Amino acid sequence: MKSNTIKEGILNLVDFPKDVLLNLPKITVIGNTQITVENHRGIIEYIPERIRINSTIGMIRISGKNMIINSVMTEILVITGKIISIEIII
Numbered sequence: 001m002k003s004n005t006i007k008e009g010i011l012n013l014v015d016f017p018k019d020v021l022l023n024l025p026k027i028t029v030i031g032n033t034q035i036t037v038e039n040h041r042g043i044i045e046y047i048p049e050r051i052r053i054n055s056t057i058g059m060i061r062i063s064g065k066n067m068i069i070n071s072v073m074t075e076i077l078v079i080t081g082k083i084i085s086i087e088i089i090i
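Sequential numbering of the sequence shown, starting at 1, is according to full-length UniProt numbering.
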C-alpha cells in the first residue's frame with residue numbers, strides 16, 4: 001500500500017485537511033485580481049504575463065497581465081494583477 005493511500009485513509013478518519021498532511025498546494029483565488037499559493041516548491045518563471053510555480057503535484061502556470069508577486073514567504077506566494085488563467089500541469 002502506498003504511503004499517500006495510508007495518509008488519505010487516516011485523513012478520512014480524523015477529518016484533517018489534506019493540504020497539510022499530504023503537502024498539497026492550496027490555491028486561493030480572489031476575483032481575477034489576486035491569487036495565494038500555499039505549499040509551493042519555488043518559482044520557475046516570473047514575467048508580468050506568466051508565472052510558473054513548482055509544487056508537489058506538478059507545475060502551476062498562471063497567465064495574466066501586469067502580474068506582480070507581492071509576497072514571497074517560505075511556503076506562501078501572493079500574486080496580484082489581472083489573472084486570465086490558472087493551469088496545473090502534471
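Keep in mind that a hint or two might mislead.
[What the hints assert, rightly or not] The calculated DSS-like cross-link candidates involving lysine-lysine, where the alpha carbons are at most 30 Å apart (straight line), are:
{"no.": "1", "residue 1": "K65", "residue 2": "K82"}
{"no.": "2", "residue 1": "K65", "residue 2": "K26"}
{"no.": "3", "residue 1": "K26", "residue 2": "K82"}
Calculated from the structure, these hints are not laboratory results. These numbers were taken from a predicted model, which means no experiment stands behind them.
Checked hints:
1. K65 / K82: Holds - the C-alpha atoms of K82 and K65 are around 5 Å apart, at most 30 Å.
2. K65 / K26: holds, 22 Å
3. K26 / K82: holds, 20 Å
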